Every structure is written in structure tokens, then in C-alpha cells.
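Novice: Place chains Y and X on chain P using the hints.
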Amino acid sequence: MSRKIEITTNEKTYFIEALKNGIRLNGRQFNEMRTPSNIFLSKDEYGYIELEWGLTKISCRVSSFIRKPFEDRPFEGIFNINCEINSMASKQFENGKNSDEEVLISRIIEKSIRRSNSLDLESLCIISGEKVWSITVDLNFLNFDGNFIDIGCFGVMLALSHFKKPDITIINGGKDIIIHDINEREPQPLSILHIPICLTYSFYNTSQNVEENIKGESDEDAIYLLDCDYKEDLLKDGSIIITLNKNREIIQLSKNGGIPIDVNILLDLSLNSIKFVNELTDLIKTLIKDHEQQRFTELNLKLLQVGADR
Amino acid sequence: MSEIILPGDKLPIHRALVQEDPENEAGSNITIGPGLYKSINSKQIIPTQAGIFESKTIKRHEQLYYIESNSSRYIPQTNDYVIGVITGVIGGESYKVSLQDFSNPVILSMMAFPNATKKNRPNLQNGQIVYARVSNAGNEIETELECIDPTTGKDGGFGLLDESGFLFNVKSLNYTRELLFNPNSTILEKLSSRCKFEIAIGINGKIWIKCGDGLNLNKMEVEDDNGSSTVSNDSSKDIKVTLAAVKYITQCQHSSPDQFDNILQQSFKDI
Amino acid sequence: MSFTVKTSLLENSDGSAQLITGDIKLIASVSGPIEPKPRQELPNVASLEIVIRPAVGLSGTREKALEDKLRSLLQAVIVRYKYPRQLIQVVIQFLSTPLTKYQGGAYSNHKDEVEYSNIELNAAINGCYFALVDAGIALYSSFASVCISLTEDHQTIDEEPEYIIDPNLKQLHKSDSHHVICFNIEDKKANKILLLESLGDFTEEQLFTVISKAVTQCELIHNDYQRKYITEKIDNDYVWKA
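Chains P, Y and X are the protein sequences, given in the same order.
If you use our numbering, the first sequence corresponds to residues 1 to 310, in order.
If you use our numbering, the second sequence corresponds to residues 311 to 581, in order.
If you use our numbering, the third sequence corresponds to residues 582 to 823, in order.
Chain P extracted, bound-state conformation (with noise of 0.2 Å):
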């Protein structure tokens, strides 16, 4: 059985024509992200957003409890995310059976968040080789509108950010340790130590010798698109992610496949992605930042902290 959206000849041609004329269907620039809508931060909970990426929404919950080490990693805490696509999102990931695209959504989420360190996991210790932090990122999506890798990336970041542990206290000589309500003791936000921002690059040949298109050697009919929505994600030839943070730094780059492309594109690519990724970043910082305020005068803190102060 065929679990797969059909896309017609319309489509295809319409889609192919409309780019060689520099227009895209959904009317963006070539260049053009959508902004991100509709951004809830739960207020009475810490880790736990929801947004809009256009028709693409996600949920995201970070989540933690105390738990004994790796054996090999005493001094580390435990970080896991967990992202699996069911039906909801769209009809063409099936339920319980992981496809390729929904393991390449999770490995990259995962490449960029995890292994790029962005999370001090040595803060999450709390005795070595006894107890540590065990940090778990619940990724949901809820429907299917297109780059899911650079969503669920930012969704996952902005998560992190907004997620705060409870306080805790060591007693009796670092055997035990007191777990604080929420309510008693502030909670301990994250130590993040970078925000890594991923980038999809559709591509795109509109030129007709499919001969051309395998060699390569039509690099003038080679389009790249930004931010793809579901129908150009269906008709892509080929794309590039490219995670980069705020120190420009990249921190991991795939290319699964498809159409090749020039190295001096990647370079361009790369350059103009700097901007995108300064926007993302401030823009998860400005979010935390006013949600924190926010929550400051709506809680009346200032009374607590004059307290505290004195």
C-alpha cells in the first residue's frame, strides 16, 4: 500500500515554470523563511511550548528526574530526545514504523542538538557515579507542512531555554540530596552553551536534459529554496541542512543525495545563512526574555526578591 501524496503533472510543471521565472507558489522569495506564529511558553510549567511555522505545529516538552550514570561517564548527566512522527502530523508517516525521512528528521535533530555539546551535560551532575540529571526532550509534531528538521531544531532550542530543574540540596556529606518543590525554592534554568540553528536548502534543476542534471553541468538551472513547504518538499531534487550557531560556526552539514551541488554554492549558502541564524537566535532569546519578565510581574516576585536582597 501507498502511503504517499500524489503530485500532479499540474503541479510539477506549474511549480518548475513558476521558478524559472523567479516566482514561488506560496509567493515567498527564494530566500524567504516564514516566521514563526502562534508561540505559546506554558507559564505555569517550565519546558513546554508549542508553535507555528506556517501550517507546520509543533509541541515540544523537556522533561527531567535523578537517575545513577553511565558506568564510563560518571560526571555526566543524561540527555535524550525523543522525536517520532505519527499519522497526525500527515498521513504518510505511518504509525509505530519509523520511515527513512522520520530517522533523518531525528538523526540530524539529534547531530545538531546533542552531539554539538549545546547542552553542559558536566552540569548536570549532581554526585559523581551516584546521581545526575537526566534531561528528556519530547518532540511532537502535529502537522506536516514542511521542514520539520529546522522547526523541530528551534522548537527543541527554545524548549531548552524556557526549562528550568528544581533546586536541590546536598545533605549528609553528599549522600543524600533534598529535591525542592517548585514552589519553595526558584528552579535552575539550563546551562546552554550554544544555540545551533538548522537551515534546509531545497534544490532544484529546471533544466529539461535529465543527462545535465546528473552530471551537474547545468549549474545555472540549479534553484535553491529556503524553507520549503510540504508540495516543494514533495517535488525537491535534492537538499543540503546546514547547522551553524551564533559564533558562526557550522556544526554539521548533510547532503543526502540527489542533484550535486557547486562548492561555491555551499560557501554562498553558508554566508547567507549567518543572517537567518542571528535572526533565530535572538529571537529564542527576546522570547525567554519577555516570558521571563512577564511571569516576574505576574507572580509578584519583586516582593520575594526584595526579601531575598535584604
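The reader is advised that the hints may include incorrect statements.
Unchecked claim - Mimicking DSS-like on lysine-lysine, the simulated pairs with C-alpha atoms at most 27 Å apart in a straight line are:
#, chain 1, residue 1, chain 2, residue 2
1, X, K755, X, K650
2, Y, K366, P, K20
3, P, K68, X, K682
To be verified - Some residues of chain Y that are not near chain P, with every Cβ distance over 10 Å (derived):
#, residue
4, I323
5, M421
6, L498
Worth flagging that the hints you see were computed from the coordinates, not collected in a lab.
Values in this document were obtained by computation on a predicted structure and should not be read as measured data.
From the three backbone atoms N, C-alpha and C, an ideal C-beta is built for every residue, glycine too.
Specialist: Just chains Y and X now, with coordinates in the frame of chain P:
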């Protein structure tokens, strides 16, 4: 004003008619439409969908009852006008057609075209789209389409929708019904004030639209040799107009009639 | 008891609803009738694919149990004969649950799971109703579900126990038993029990009291909330109508 009915509600129909007795002549005058279901066990007519209850008198002693409601999943009914996507060939005799992504495929016989014979068959490729009529639909059998007007044997507007037009999906099926069947709808009338267009509306939520001359692929290729710039400009304008029209039609789906003009203005502002 | 519902919020599902009730927030999506996989196909009725996803972690046996309970309920309310050889897909994604709220997302054990899974079932049923109606799936009747807990004061015997409608997690911990009751609603009246899940110690008499309380509650949910939100949905569907 008609009222909102939820599944399980009592229908505002005369009780004697509802508790229909198969032998009673008077009871056979009810026709039930979408949203209503005659329970097999209790022989009662019950509403199964939430929507606006409508009752119409077709003839004397003949009542039509149905629930007007919206959905996004198309369920084929005989005589519906639909747009189908060719997805394959079954046994060399008929095409496999998709009416909506993930729905059960339907069948379009190669003989269901005007002037088709065993020797003279239509030649459709996968991915091409046709405007067709549902000729046979039912739960127990596979749904069939035909691209022929049964009364005249001619094409009657059915058949292949060529690549010069754009195909897009509309989520609300009630909206496509409105566009196709309501002659008083102002939505398309307003659009005609901004551009010339040709449209095919399938009530399975697919709309094919061609504004101006549409894409003219053949012309492009011929003139490519002696400077394609002029030609591509033409087609560039038509593409823009088409996309603006698509935007307008899609957005009207979620707004009230007094905003239509505004949306039209917004959609066409760059042209 | 209060409900906040938003319908038709997911573009790719035929019907969807977001429900917030008490400490629970969930999204239910329904798609169908669609083409089933060959092994799912049933010759004369629609098959149901039900997926429940927890707010934290991956789905396990607890979710499978919830799916099973929900399936038996939905099989009784969906007019399955109308869609033979087709599939109806129901996905319920929990976004927030009492556990995630009470312990600030930081919990070290899962001992409360059994107890709170019934409140989740209750919310899942109510969320499912809106999603099914939004998708236009044929239903024999409406349905509504309520959770009632029962706390006995052990000091004073012969005293009426305290009944709490829609208890939160703390009240649930203190209670002696709790019950999830789902009624089908015909003609604005609760009619038949579709599902009854009980956990804890209780007498037959107490159960009957709980059921009679559930009747009024389910009718209230139906008349106050379901009718209101569905009227809103229908108004939205026909917004373009002159």
C-alpha cells in the same frame, strides 16, 4: 431559520413518518440525504453528523431531508463532478484514479470517453488530471467515474484538464459545493472583475484554474531559440495572476462576504 | 468542570480538536474514511486505528490499554457499516497532564500512573467526540464522559462519602475510589452507559450514586459545552455564506 443538529438528536420530522413502516405507503415518501442514517435495527432515521438540518418538499407528498455540514474527506456519490488524478492502469482496461490523497482509489474505464473504442483509447499518463462524473458509487462496490455526458454521448466538458492550468486543493468540501452549485455566489464573480479565467471545480476539494492564457509550454520551446525573454514575461504575468486568484479563492474560505473585496485587493496588489 | 475546545486546527487531518480540561491538554485528530492497509481491512465495516501518545516519553503498555478502552467505546458509537473496507484513524496526543504540572516536569518515579490514567481516558473520550464531529464521521449518537471520585471519611462511620466531579491529582490520591463513566446522549438526554471504569474500594450503592451523578454531569457537558462549541464550529464552516 434552520437549526443545528448534533448526532443523536431528535429530528424535527413528524413522528409518524419517522417510524416508517415498510408496508405503509405514506411512509415511503421520505428521501434522506447526507448526514442522516436509517438504523438497521430500529428502523428509525437518525442524524449522524452535526450540521444544519434542511427539509425540502420536492413534490407533493415527497419530502427531502438532509443535514448540511462540512467535512474534508470526500465520499463519492453518483453524479458528483470531481477532479481525479491518474495514478495507474488496471488490467489495460481502466485507469486507477485518486480523488483525494489517502482515499480508496476509484476506477475510470478507458471506454468511458467520447468515441472510445477498443482500438481508439485515450492516452493518459500518471499524474495527469481529468474532470469526471461519478457514474457509480456505493459502499459495497468500487466507485467508477466517466468522462462522458450520458445523455449526449459527447464530452460535455469532461475529460483531461491540460497543463496550462493550475491545480490546488481546498480543505472545506462545503465551500467547493458552494462555488460549483450556488449561482448567486459572488466569489467567482468578483474574481472575474480582475482577470479572465477558466475554472473546473471538483467537489472532492480540487480546483483547476487557468488565468489568462495559462502556461503555454509549446510556445515557449519554439521561441526559446530566438530570445525567450518576451514570452517568459507573458507567462510570468499569467503565473502571478493565477497564484493571486488561488490565494483569493483559498482565503475566502475562512472569511465573511464583506471581506471578499478586501482579500481580492490584497491578493492582486502586486500585479 | 470546564472545557476549552478548539476545532479544525490541524490542516492535514480531516477533523481535529484541542481540549483543555482541568490539568489536561490534548489534541485529537481523526482522519477517515481512508484506504486501509490490506491487513487492517474488514469486509463489512470500517476498521479503526487508534493511537494514543503520552505527554512524556514513548508510548508503552499504559497507552495500549487506553487505546483498547477507547476502541471498544468508539466501535459502539461510530456507524461502521457506513464505511466498509475503509479505515478511520484516530490519534490522540497528550500535551499536558497532571503529572507534568504537579511536579514541574521533574519527577523521579511513575507510581501514580495507574491512578491518573483514568483521568486521561476521560479527557481522551471527550476530546475524541469533538474531533469525530469535526471530521464528519457518522455517529449513532453523541457521547460524553465524566470522572467522579469518592472519598470516605473513615473517622465518622455512616456518613455520606464525598463525591468530587472531575478531581485533580491530589484529590484523586486521597480518594477511596474513582470512576470514569461515559454515556451516550440521545435527544439531549443521557441514555446508555457506554463505558464504566472503576478503581478502588466502593459499595454497590455508592456506584449507583456515582452513576446517577454522572447522568446529570454528562447532560451538562453535552448541553453546555458540546452544543456551544459545535455551533461555533458550524458557524465557522459557513462563514463565507451571505
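Novice: Evaluate each hint against the coordinates.
Specialist: Hints versus structure:
no.	hint	in the structure
1	K755/X - K650/X	holds (25 Å)
2	K366/Y - K20/P	violated (53 Å)
3	K68/P - K682/X	holds (24 Å)
4	I323	holds (37 Å)
5	M421	holds (23 Å)
6	L498	holds (20 Å)
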